[in-house]
Amino acid sequence: MTYTDPAHSDAPLLDITGLSKSYGRHRVLTDLDLTLPPGIHALLGPNGSGKTTLVNVLSTLVPYDSGEVRVLGLDPRRDRKALQSLVSLTGQYAAVDEKLSGTENMLMMGRLFGLSRRDAERRADGLLERFGLTEAAHKRVATYSGGMRRKLDIAAGLIGRPQLIFLDEPTTGLDTRSRQALWDEITALARSGASIFLTTQYLEEADALAERIVVLHDGRIVADGTAAQLKGRIGGSTIQLHDDAGHILEEIPTRGSALDVARHLDAVAAARPDVDVTVRRPTLDEVFLELTGEPADTSDRTELDRDEVAA
Amino acid sequence: MTTTTPPQEAEAPASRGNGAGALTGLRVFTGRSLKHSFRDAESLLMAILLPVMLMLIFVFIFGESIAAGQGGDRGDYLAYVLPAVALTAAGFGASYTAVVVSDDMTTGFMNRLRTMPFPAVTVLLGHTASSMVRNLLATGVVLAIAFGLGFRTEASAVELAGAVGLIALWILVITVVFAVLGMVAGSAEAASGYGFVLLFLPYVSSGFAPVETMPGWLQGFAGHQPMTPIIDASRALLDGASPGDTWWIGLLWCGGFIAVAVWLAAVIFPRKVAR
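From first to last, the protein sequence lines stand for chains A and B. Its first residue numbered 1, the first sequence is counted upward by one per residue in the UniProt record's numbering. Its first residue numbered 1, the second sequence is counted upward by one per residue in the UniProt record's numbering.
Hint data in this document are derived by calculation from the structure and do not stem from the laboratory. Honestly, I wouldn't trust all of these hints.
Simulated restraints, written as ranges between beta carbons of each label pair [stated by the list, open to error]: (1) A:27 x B:189: 26 to 34 Å; (2) B:45 x A:116: 33 to 41 Å; (3) B:193 x A:172: 26 to 34 Å; (4) A:25 x B:267: 53 to 61 Å; (5) A:246 x B:193: 51 to 59 Å.
Derived coverage of chain A by chain B (criterion: at least 3 residues anywhere in the stretch with Cβ under 8 Å from a Cβ of chain B; other residues may be distant) [claimed, not checked]: (6) 63-69; (7) 95-106.
Only a predicted model underlies this, so the values are computations on that prediction, with no experimental measurement involved. Ideal placement from N, C-alpha and C gives every residue a C-beta, glycine not left out.
With the hints as extra help, turn the sequences into a complete structure.
See the structure below:
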């Protein structure tokens, strides 16, 4: 097997113009335009905004209806097979075989990517070690915890040495500790040279991981920029002053740093020593309110973003 | 950052995977399905126990009275019921295919495979191949019990091979039918539910009692349903007798079922992407 650099290796990671996709009469993605350089990027949006569909289109899983789409310079419809050797998809639902062991899962994926048995074995061992799964390598996946499963799932996607890794909601359903551990892995992965395109419902996650954040709402891109640019549009933290009944008396914008909050509070304390004070950061609901003019339906998913600190 | 991550991707790029061919896919997935089958102790036990139970029930409980009606004895009925028991057991064994296919289709597993550079349909072929292995083992068990219970035949090796070949072909038919059901069904439970009807098919054939002994309204179906010529032909071949026309009628049925199932799979499989 000889290695040839993909013909378009200096092409942008993603280059999309006018991408639309419908399922039957239900239009899921509408006229998307997006260009991203290599790197780690997040697609942020609530349930039902079309995140998974976009990732499925880009990873060759489902064909798009219209528009120009290039992933690593290749068309996911026309150059399907060539692109499939360069990308990997780790979906929302674990794609690992529960009845096989970790090693067996890895070897299976390695063989399917076309690696020789020996190469697959070496790669499998290395990746399992890297994700801290060596000890559990020969146990059936059915016995793994949610975090271990997710790690194995991602590791299995890496065995074919993808240039671009799609992670669809990689941390949904994980506890805080596993989520943090996975964030570390994803950051390390990006440093190793692979590009990552992940979807998330959590503003905080996009903020922690991504160079560029693309906000999707109702199948349309409503914002696209760095975390700092996005926050600028949304507005920063506020200090809220309440009366005894909890009604907001006043809201003071703050940069959120201890020094800035302390400066404001000194002034408040001097004027109204008994008032109740809360510092709050913008929630995902507010992001969407600001960007789309309507509240995002994030139901029970906003705990992560709601970060109210009673002062 | 607290991970102890050495710089990776340092290996020679020469070993990048460019995708497996259909043969590798078939080998990998047959191995996977066989591992599933042989690790699942309960279904393996069922696969062996079921033909044993069926054989004992029909020969020792119903055998004497059914055979008496035909002027024979228990030994005659053993020879008569042998192909039907093998095929009934294989039906149960093959219904497992619907469950595993449905499992693969409704979880993220198939989605990942579809984004990989090899023909994802080999997953189905792997399940089919392992169903053949499992159910031919069960057929072997049925034959062994029959010999244990005193079944003897003058049939030539060619005739025996013909009988086993026909049985194997019908196992393939029900396996692919169940695979299609597994693809269409929304869940593994639904898949085995749909297949339930198929498991009763052998009882309404010439397998357990002669069609002539059934009420008239049932004879039309029982005499002309696909299992009847296959059972009649295998029974004749196992006995070293001439199967007459039954063998090619059976082959036609099998060919038709397989062609339709493969066509359905080819249409449905690419469209059934889990969302």
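How the hints compare with the structure:
1. A:27 x B:189: 26 to 34 Å: holds (33 Å)
2. B:45 x A:116: 33 to 41 Å: holds (37 Å)
3. B:193 x A:172: 26 to 34 Å: The hint (26 to 34 Å, Cβ to Cβ) holds, given that residue 193 of chain B and residue 172 of chain A are roughly 31 Å apart.
4. A:25 x B:267: 53 to 61 Å: The hint (53 to 61 Å, Cβ to Cβ) is violated, given that residue 25 of chain A and residue 267 of chain B are roughly 21 Å apart.
5. A:246 x B:193: 51 to 59 Å: Once the Cβ atoms are compared, 54 Å apart, the range 51 to 59 Å for residue 193 of chain B and residue 246 of chain A holds.
6. 63-69: Three-residue rule not met by the stretch 63-69 of chain A, so violated; n is 0.
7. 95-106: holds (count 6)
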